[in-house]
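Student: Each protein sequence line maps, in turn, to chains A and F.
According to the numbering used here, the first sequence holds residues 503 to 1020 in order.
According to the numbering used here, the second sequence holds residues 503 to 1020 in order.
If you're looking for bench data, these hints aren't it; they were derived computationally from the structure.
Note that the structure is predicted; figures quoted are calculated from it, not measured.
You may find that some hints are simply not true.
[Claimed, not checked] Below, in silico cross-link-like pairs of lysine to aspartate or glutamate (EDC-like), each with a Cα-Cα straight-line distance of 20 Å or less:
hint : chain 1 : residue 1 : chain 2 : residue 2
1    : F       : K662      : A       : D699
2    : F       : K628      : A       : E632
3    : F       : K773      : F       : E639
4    : A       : K960      : F       : E639
5    : A       : K576      : F       : D699
6    : F       : K966      : A       : E632
7    : A       : K934      : F       : D699
So you can see what is in the structure, the chains are spelled out below.
2 protein chains.
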Amino acid sequence: MLRLGPLAAAGRLLPSGPRLGPPCPAGDRVSLSWSWPPPPLRPVGDRGLLSRQVRATAGSAGGGGRGAALKTPKGTRDHPPAHVVLRDRLLAAVVACFKRHGAAAIDTPVLELRETLTGKYGEDAKLIYELQDQGGELLALRYDLTVPFARYLAMNKITKMKRYHIAKVYRRDNPATTRGRYREFYQCDFDIAGQFDPMIPDAECLKIVHEILSDLQLGDFLIKVNDRRILNAVFAVCGIPESKFITTCSTVDKLDKMPWEEVRSEMVGEKGLSPEAADHIGEYVQLHGGLDLIERLLQDPKLSQNKLAKEGLGDMKLLFEYLTLFGITGKISFDLSLARGLDYYTGVIFEAVLLQQENDHVEEPVSVGSVAGGGRYDGLVGMFDPKGRKVPCVGVSIGIERIFSILEQRVKASGDKVRTTETQVLVATPQKHLLAARLKLISELWDAGIKAEMLYKKDPKLLKQLQYCEDMGIPLAAIVGEQELTDGVIKLRDVATREEVDIPREKLLHEIRRRLEP
Amino acid sequence: MLRLGPLAAAGRLLPSGPRLGPPCPAGDRVSLSWSWPPPPLRPVGDRGLLSRQVRATAGSAGGGGRGAALKTPKGTRDHPPAHVVLRDRLLAAVVACFKRHGAAAIDTPVLELRETLTGKYGEDAKLIYELQDQGGELLALRYDLTVPFARYLAMNKITKMKRYHIAKVYRRDNPATTRGRYREFYQCDFDIAGQFDPMIPDAECLKIVHEILSDLQLGDFLIKVNDRRILNAVFAVCGIPESKFITTCSTVDKLDKMPWEEVRSEMVGEKGLSPEAADHIGEYVQLHGGLDLIERLLQDPKLSQNKLAKEGLGDMKLLFEYLTLFGITGKISFDLSLARGLDYYTGVIFEAVLLQQENDHVEEPVSVGSVAGGGRYDGLVGMFDPKGRKVPCVGVSIGIERIFSILEQRVKASGDKVRTTETQVLVATPQKHLLAARLKLISELWDAGIKAEMLYKKDPKLLKQLQYCEDMGIPLAAIVGEQELTDGVIKLRDVATREEVDIPREKLLHEIRRRLEP
């Protein structure tokens, strides 16, 4: 499904920097500018000026500092140019998908009132960063993009909206930076708010996860789906009191990381469930399947008597019908162990995980856990509305940092380098005392929209200038010397072939543009 | 110098969303997708689903909330889709310029260690947001992008780098939101670090300001230039003790907002300067001009005896020579009243202001103050380096929020609407019981990379669906009904002309792409 960008496919220098598509009138499917495994890129050396590529490590110390510790805060990191280029391409692919589905972008402040975040995250509330009270409001850093979205909807009395939001969120979590877990990280959220016919927006969210993970070619994946109503019904028929639903949920949620026996003992030990109830739950939450499983549970003597279960299973059946029409059920699993930690979910929940591949060509495979997750939260907006009016919502969040960790690892393994600048022409000179001529020429190029650099020296050596082109992957050098000034020409050098041609000054822009055409 | 994007020029619907240029091989000068004054856009109605455009106000209350205040923190604001579209276009123009000058992008955390920010901002340090000590490091929100850049260079031992960074910064300032001043706001920084021949990178920074302000067509502007060494020399020859240089600087800096008499009385009253010294300073700081003024000051009996003054004036002369070669001295003024508040400047400083225009077509002109500023800071990196090694730097920051306020005001005045989604096709149906057909069709379109939407209803009315196209500016409707299913065709409707044609199913993608071609 992925089409390689023309440059990547041809194995030429990668264009760099943040690039979100042009108004794409013909609407080709996302053209990513990198391929996987990477094409044979022309490596860019790192000897030259400005080309040093830094591998930043999370919160890494750079050695003392005069009194001040020279580091970023724990669990955070700097992103050097090669990171930013890769990350921006990743984000561009995600944004392209969100736009393909008709979403509009919003942005909200990194700071929220503390009370906005209070009571939304259950046990995780302790991970919220709080600001000092400096004689004003009590503030905190946003923990996700979902609660701010709900606040935004309620504050502006919006009852229907399809929006995406890509921004950093903050969690005082125990960072596991090697697994792509940071305290400051990007979330990429797509949400549909509004009262609609059941499961149509929910199915679209799953389609979006499927599209993005397919586009990024991350290998095989699985999207687990469940419903909070089904989980609650299971707890109810197993005799768990309603007051223990949420805490039981968060224990069940650990089934993907620990075996059933451990989960069971946490239920009985820490959460105070009876061994019988725990065993009973175990019979259900270890089930997973597709439409067949849904049908079977609809016939289950206990669940079929439970109103919540019937609603949840009925909707799940509808969802699977829609997913069949989308042709994506092959990667979807109805999994009763999926619980998701957050308090605010009320219906369908889902989570995508990458599957370890047998023939994985990466030397040290990264374990990354879930790479996308989401669900329905019909009550959250109502928590903000003065009159408690509900706006049903369903949404998905793409775990871009974890995906980035995988891609970064692969780039590293490939040994290739990413070009971090886009300079097209170096303005150079072979003799001394020609700074004025260079400044005049480069100014003309900039004014014509050509990406140009020159060395910041009065009298640089020609060899150094040409070396800089090679190091930085600059394709052309525009050389102005005494002879060229006399003749009214510029010597245009193709850095790769080393060919040089004199171009009349008045034809220079035209010739440069012609040569830079793809 | 500005070329209108083809869509804007033709007065058609504006493409929306964040769009940073493609790898621009032919290197045309920035094509902004909006023009000034705005072309006669086709307005997009706001009656339809999802199309409500919200005017967010800074920290505005949305009315109570169930216990919780429904607002954003003081001095911050939400950005609804129309904002984000406009802002992203603005940022795209700035990024295009930074890339044209060969810069690479970096990103640093919003959080920094408090000690990283300590001692860098002089009197303004009280405006730094501090986080609660939650049993770990003492953290603060970044106040600008310059100090984190210096920290980054020192930490990674980088001695040469040309980078840009576009990100939010935080200042507990008294917000003047009508003038585009917020507590959370974007900065767009371009900096050149490294030991180079004098004034070449400095001149490039001024060229960049000139290019961006010209590209954005904000009206006439002026870039004021001065040098901290010249200012210090002026203070010295006027008999001010060195301990009072910085505080005198910040008083002089107010000359653009208050008359000399008031500045003088602050110097004598608050800052404790003698009336004679203040008058003496007044003779200098009210001067402004070009090369002629530089020559005159080089002959000044007192300044010509001062080492700092000779250095500063000599460099200023060189700078003006380079700016002459760039052809931009027409908008540059050597202005001895320019001081800039920040502690860390050591050489050239500059600030761009928009000039009020006589024939301004805006009804309520916004007073925005400076829209760009910067200067040389040769000592900052050394403050972080364990051995105090210096990395000379010069940089510029574009005040994007203020520029945005102006553009926003103009869009408002024009009464035009910005399209906030890019949907190309609405998948519709004229009869009931055809949800499955719609889901199948829209899935095909998404998989082919076409931006498509459908209403989230099982059986929507055709009129509602077509109305949605009109409201949202969606150019095409792909209609699947019973007859179309039988005939193996899709009815393709041109929303603007209302023409409908049956297209064989297998030719649909081709036909849609053909029609969407520019």
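Student: State for each hint whether it applies.
Tutor: Evaluated hints:
Between K662/F and D699/A the CA atoms are separated by roughly 58 Å; this puts the pair beyond 20 Å, and the hint is violated. A threshold of 20 Å between alpha carbons decides the hint, and for K628/F with E632/A the separation of about 18 Å falls inside it, so the pair holds. For the proposed pair K773/F and E639/F, the alpha carbon gap of about 37 Å is over 20 Å, so the pair is violated. For the hint pairing K960/A with E639/F, the CA-to-CA distance comes to about 46 Å; that exceeds 20 Å, so the pair is violated.
Restraint check: the Cα-Cα separation between K576/A and D699/F comes to about 39 Å, which exceeds 20 Å; the hinted pair is violated. Distance hint between K966/F and E632/A is unfulfilled; the C-alpha atoms sit about 46 Å from each other, more than 20 Å. Between K934/A and D699/F, the direct Cα distance comes to roughly 14 Å. Compliance with the 20 Å bound is thereby established for this hinted pair.
Hint compliance for this structure: hints 1, 3, 4, 5, 6 are broken, all remaining hints hold.
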